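Visitor: Residue strings, one per chain:
Number of protein chains: 4
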Amino acid sequence: MTVLQVVLAGAGRAGANHALHLAEHVPAASIAGVVDSDSDSARALAEQLGCAAHGSLEEAIERTPFDAVVIATPTFTHRDLAVTAAAAGKHVFCEKPMAITERECDEMAEAAERAGVVLQVGFMRRFQPEFVAARRRIEAGEIGDPMVIKSLTRGPGLPPPWAWDLKTSNGMLAEVNSHDFDCVRWLMGCEITRVYAETANLKGAQRGVDVADFYDNAVVTLRFASGAVGTIDGTCPADYGYDARVEIVGTAGLLQIGEVRGEALLMVQDRETGAVSPVHRTWPERFEAGYRAQMRAFAAAALSGGAPPVTAADGRAAVHAVRAANRSWQEGRPITLDQVLV
Amino acid sequence: MTVLQVVLAGAGRAGANHALHLAEHVPAASIAGVVDSDSDSARALAEQLGCAAHGSLEEAIERTPFDAVVIATPTFTHRDLAVTAAAAGKHVFCEKPMAITERECDEMAEAAERAGVVLQVGFMRRFQPEFVAARRRIEAGEIGDPMVIKSLTRGPGLPPPWAWDLKTSNGMLAEVNSHDFDCVRWLMGCEITRVYAETANLKGAQRGVDVADFYDNAVVTLRFASGAVGTIDGTCPADYGYDARVEIVGTAGLLQIGEVRGEALLMVQDRETGAVSPVHRTWPERFEAGYRAQMRAFAAAALSGGAPPVTAADGRAAVHAVRAANRSWQEGRPITLDQVLV
Amino acid sequence: MTVLQVVLAGAGRAGANHALHLAEHVPAASIAGVVDSDSDSARALAEQLGCAAHGSLEEAIERTPFDAVVIATPTFTHRDLAVTAAAAGKHVFCEKPMAITERECDEMAEAAERAGVVLQVGFMRRFQPEFVAARRRIEAGEIGDPMVIKSLTRGPGLPPPWAWDLKTSNGMLAEVNSHDFDCVRWLMGCEITRVYAETANLKGAQRGVDVADFYDNAVVTLRFASGAVGTIDGTCPADYGYDARVEIVGTAGLLQIGEVRGEALLMVQDRETGAVSPVHRTWPERFEAGYRAQMRAFAAAALSGGAPPVTAADGRAAVHAVRAANRSWQEGRPITLDQVLV
Amino acid sequence: MTVLQVVLAGAGRAGANHALHLAEHVPAASIAGVVDSDSDSARALAEQLGCAAHGSLEEAIERTPFDAVVIATPTFTHRDLAVTAAAAGKHVFCEKPMAITERECDEMAEAAERAGVVLQVGFMRRFQPEFVAARRRIEAGEIGDPMVIKSLTRGPGLPPPWAWDLKTSNGMLAEVNSHDFDCVRWLMGCEITRVYAETANLKGAQRGVDVADFYDNAVVTLRFASGAVGTIDGTCPADYGYDARVEIVGTAGLLQIGEVRGEALLMVQDRETGAVSPVHRTWPERFEAGYRAQMRAFAAAALSGGAPPVTAADGRAAVHAVRAANRSWQEGRPITLDQVLV
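Protein chains in written order, with the working numbering: chain A, 1 to 342; chain B, 1 to 342; chain C, 1 to 342; chain D, 1 to 342.
Looking at chain A on its own, in the form it has when it is part of the complex (with noise of 0.2 Å):
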């Protein structure tokens, strides 16, 4: 068999899931480096996965022959990762968000294609069995056609510096909300035309970040080229747990995904107190399934130099919405989609 031969950009906590995953459940993938500014980190992973550490995506390209990189740094480092990778022939699978600017994502997508290599964008939600279970029902017109959809990220854990910051992040909508902006255009089948965006900061607040434009919550309404409406909502820090579901309504029916409850637990030890179900606690745990499923197919399309499932332009319509929703908080009005946004 012939295995892909990974090098991981990125030794935090979405690094760590992404090479546990390929380390444990891709026989088809194996992990050649590990890459990390903060060596310590790096040199950390890479004892744990058996392979080289490296300081610099540069360093590795030089001295260890690999296939991909798989790129789970701060936003604001993926343009420059992506575009030296597929400018050294590597495939690319990079995590969400895709970018700080639609111009960002942009160079990467053609980086990628002039270098004939696979730009794969982090939407593991799309392979995470429910919601693909949800997308082929709608898709057989089992809730006729869609009216409204209702998308919602909640998370524990004060997010890190750099994602409070505009500028290096595009905040909270982009850190956390992203995969439900992706999730309601695959889910709808088709763009959205309109956002408009309240945000709050509340905890953030409580807890003393000071900073310009932090919001920890945000409330959005979408319309889509169908006509349809929607929601996202976002809230982080959610401490209660790790929270993901969308719903949606069409002329035919209601369709939910995902609940509150996670292991198939309940607990009564008094009347006063009722009955306890554990929730989901984390991101790696929750969307476990997902996560796995889309490092396989990152591997199966890189390997066969097929089309990836999840492509820049998907990665590139989050950033536009997610910006999109920033101005209009930020202007007080309803943006339009097609207006560029510099």
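For the record, the hints were derived by calculation from the structure and aren't laboratory data. What you are looking at is a predicted structure, and each value in this text was computed from that prediction instead of being measured. The reader is advised that the hints may include incorrect statements.
[Unchecked claim] Some, not all, of what chain B presents toward chain C, calculated at C-beta under 10 Å:
#, residue
1, 134
2, 143
3, 281
[As the list claims (entries may be wrong)] Derived list of chain A stretches under chain B, where covered just means 3 residues or more per stretch with a C-beta under 8 Å from a C-beta of chain B:
#, segment
4, 228-241
5, 266-277
[What the hints assert, rightly or not] Cβ pair distances, simulated, as ranges:
#, chain 1, residue 1, chain 2, residue 2, range
6, C, 213, B, 129, 32 to 42 Å
7, B, 63, C, 27, 18 to 28 Å
8, C, 284, B, 40, 39 to 49 Å
9, C, 284, B, 63, 41 to 51 Å
10, D, 313, A, 168, 58 to 68 Å
11, C, 284, A, 190, 51 to 61 Å
12, B, 129, D, 38, 50 to 60 Å
13, B, 252, A, 282, 35 to 45 Å
C-beta atoms are modelled at their ideal positions from N, C-alpha and C, and glycine is treated no differently.
Chain A is already provided as a structure; the job is to place chains B, C and D on it using the hints.
Guide: Chains B, C and D only, in chain A's frame:
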């Protein structure tokens, strides 16, 4: 509108529950008096209801004009009260268990028949919406032929001392699980033919209850005339809540009635604890709709002189099955139900 | 016991629902007459209730002694009926939406105040057990400070033609989602300050409804005085059932009210179909407990002359928010609620 | 990394399921060959796995170097295969039921002990996350002392003919409910002391199965050494899905494991039908995580030579309890488990 004048025998918790439903929700009935040998209880409830209190049913018969009696006293008093009431031409609603022995049930049935009065037994689950819907579905053949039925009742609260003694009650299987023995007959549409029971004194032992033949946990296997099989189980006290559920496996499907969760609320405060939903806390709350509809049905039957929806034969069948189950664990063998149990 | 004599104005579905609860479950009230300009409807319901039918409220005032009126007619008639009733010294219970404009609401409130009568608005969710429990928990601080609230109402049934026209109603956001606008204020304990709405005519378009400004789907973002944000969404007709749910994210947890599943039944017939549970089918069934408790509360307030639990100010606030939301989608911009909407 | 070379005995459905998990998800193991007396099945699976096919275990031993065997053949062949493998120094993973009789179990255990090889029995529920979590909670005392345990397994699919005959299997209680007999011991932390069973041939009768002692429904009462009681029930075929659930009532609470609903999806198309959720359709899907973790644990134990997490004594205890339950219904009496069953 003709109104049924009702005297309530028994001013305890079950009596007060019937009184509430009669007074507040059954326009066709009116409470004419309360009887309780504990004259304080009787007086307190009577005052609340705005009616007369009596120390005995005989006294009530002598002093107050009324049409019907609702018996909610300890089981060992049911026979005498029912026979006295019937002899005086009063319709009789009798709480479960109907009586201590099959012979007592027969005497009650004969007294009612002689007097031409209605005698209804308090199996309120037959009036509870989800049980009614389930039965309709089974009868409509929606799960095919029933093969296995499992019914359970568990509730908080140490039972009163008279309910511990197999001579003044038939123990937990009678006081708590009578409903299950009735429900399985009603839902399966056929008779129980054999029972085997295992019982245990576990929580009572911890709490120092030391009565011969006392048990607070029981599991029972059932065989039905149709060839189907089943189980009943009971635990009391089960301090985690009031829990009553049934499930039926048929040749063409599964049907579940009831669930641990009560009110449609869910709360998560932190990831460690999980998602919490209220549970059913008490039987008057769990079966509120059933208790209400049951009293309406009794008033209707008594006013029209029609057949009651739950008959003396139903009450007797449950007593018979409970006594067979008790004999089973006492003798360590399965008991066939056509045997005479003296 | 003093009994409140009630005249029912409006013999349609909402009126019949109130009549049922008053007649069967509110001992403190009695129905003295039915008013409906459609004399057949009035006569049919009056006959069923055993009371007089009148062609107009004025006629009822002239011919029948009574204490209070329950208004369940189309929205555009509320103001006149309420003012007439108050002027005649009758207590007023008025279905939601309270009226078409804020000015009408003010006139109703002034008429009631002048006459010293109770004026209660029909937001029955405030009486529904799970909503009451949720509010108590929020007030007790169980989820910390509310950050995001999402409320939805969807229901089957094409609305009556007068409810399509923004001149005789305020459309779906008024007729269906008034409850949401009231609930979010009540649960959050603060006022809405800004709204933005997107609407769509999707099912109506399929069914040939061609009224200017008609919409059958809406999503709305909310901003609150506390700094919190939220959404409301509505779909009508949503033929899959009657669906009303709220969720609130606080700094210390998540609270969900309501669920799609109704009765506690589950059936599986085959693996392909899956497990099936009944849903809430209609609003009278979904909020039966709330409707009942609401009528009891109105009777109590009217008999005691006390303050009603839902005031004219509450009714007006919902009308104001709905009208702001309508203006929002009509003008394509967010609307701040302190603006005068003429 | 040292890799455990595994030969798979049995190319049926259970074997293919083990093969899948070994090949795709257990990096520490590799499949060295497939054995099946049906050489077509063996060859097809071997081809798919890219390994050699053998007509017998002896042939595999002779021709292929390997370390361990996974036995997934009909029950009546387990003893011979396990003894042969152990004698050749191979570690043994044996599907449940371990064997037909306690004596066979003893012979297998002795052979493994003599050879110093690992012998692990296939109770994968002990590796399934929600079962593992439940056991941890019980051991931590979260529900106090267990008083009642109820375990059920129901599944679709008519069993193969050899599983109907009590001589080549021990019937449904062995083939389907072995897992329950093991689980209750494991979760309760003590031994079953007495069983009583009722069985019925209902669906088989409809389908023309006419084998002596065949049954497709069973209910069993259990008594435990601790004084606790319980039930096990089984139905096969239960075409509505694959259903495995446990509930435990303790002195301080209730714990439920598993639920009928599988994937986190809900769909409502119309009010008449209700809300539909997917169910667990097959055992490989229901216990996917358990099967995977079980194979990892076997590989780890075999490679380290450590004690297996599920022992021959566990396998024997389940066989003993099942045979006691079969004798119970055959003789119409409860059976105490310290009796020798020949």
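Visitor: Mind checking the hinted window 50 to 60 Å against the Cβ distance between residue 129/B and residue 38/D?
Guide: 54 Å, holds
Visitor: Is 35 to 45 Å respected by the C-beta to C-beta distance linking residue 252/B and residue 282/A?
Guide: 41 Å, holds
Visitor: Does the Cβ distance between residue 284/C and residue 63/B fall inside 41 to 51 Å?
Guide: 44 Å, holds
Visitor: Are residue 63/B and residue 27/C spaced within 18 to 28 Å by their CB atoms?
Guide: 25 Å Cβ-Cβ, so the 18 to 28 Å window holds.
Visitor: For the segment 266-277 of chain A, count the residues whose Cβ lies under 8 Å from any Cβ of chain B; is that count three or more?
Guide: holds (count 10)
Visitor: Under 10 Å, Cβ to Cβ, is where residue 281/B needs to be relative to chain C, so tell me if that hint holds or is violated.
Guide: 12 Å, violated
Visitor: Go through the hint on residue 134/B and say holds or violated, using the shortest Cβ distance to chain C against 10 Å.
Guide: This hint holds: residue 134/B lies near chain C, its Cβ roughly 6 Å from the closest one there, short of 10 Å.
Visitor: Determine whether the Cβ-Cβ distance between residue 313/D and residue 168/A falls within the hinted range of 58 to 68 Å.
Guide: The hint (58 to 68 Å, Cβ to Cβ) holds, given that residue 313/D and residue 168/A are roughly 60 Å apart.
Visitor: Would you say the segment 228-241 of chain A counts as covered by chain B, given the rule of at least 3 residues with C-beta under 8 Å?
Guide: holds (count 3)
Visitor: Range first: 32 to 42 Å. Now tell me if the beta carbons of residue 213/C and residue 129/B are that far apart.
Guide: 41 Å, holds
Visitor: Would the hint on residue 143/B be counted as holding, given a Cβ-Cβ threshold of 10 Å to chain C?
Guide: 7 Å, holds
Visitor: State, for the Cβ atoms of residue 284/C and residue 190/A, whether the hinted interval 51 to 61 Å holds or is violated.
Guide: The hinted range 51 to 61 Å is violated for residue 284/C and residue 190/A, with Cβ atoms some 37 Å apart.
The structure shown violates the earlier hints numbered 3 and 11.
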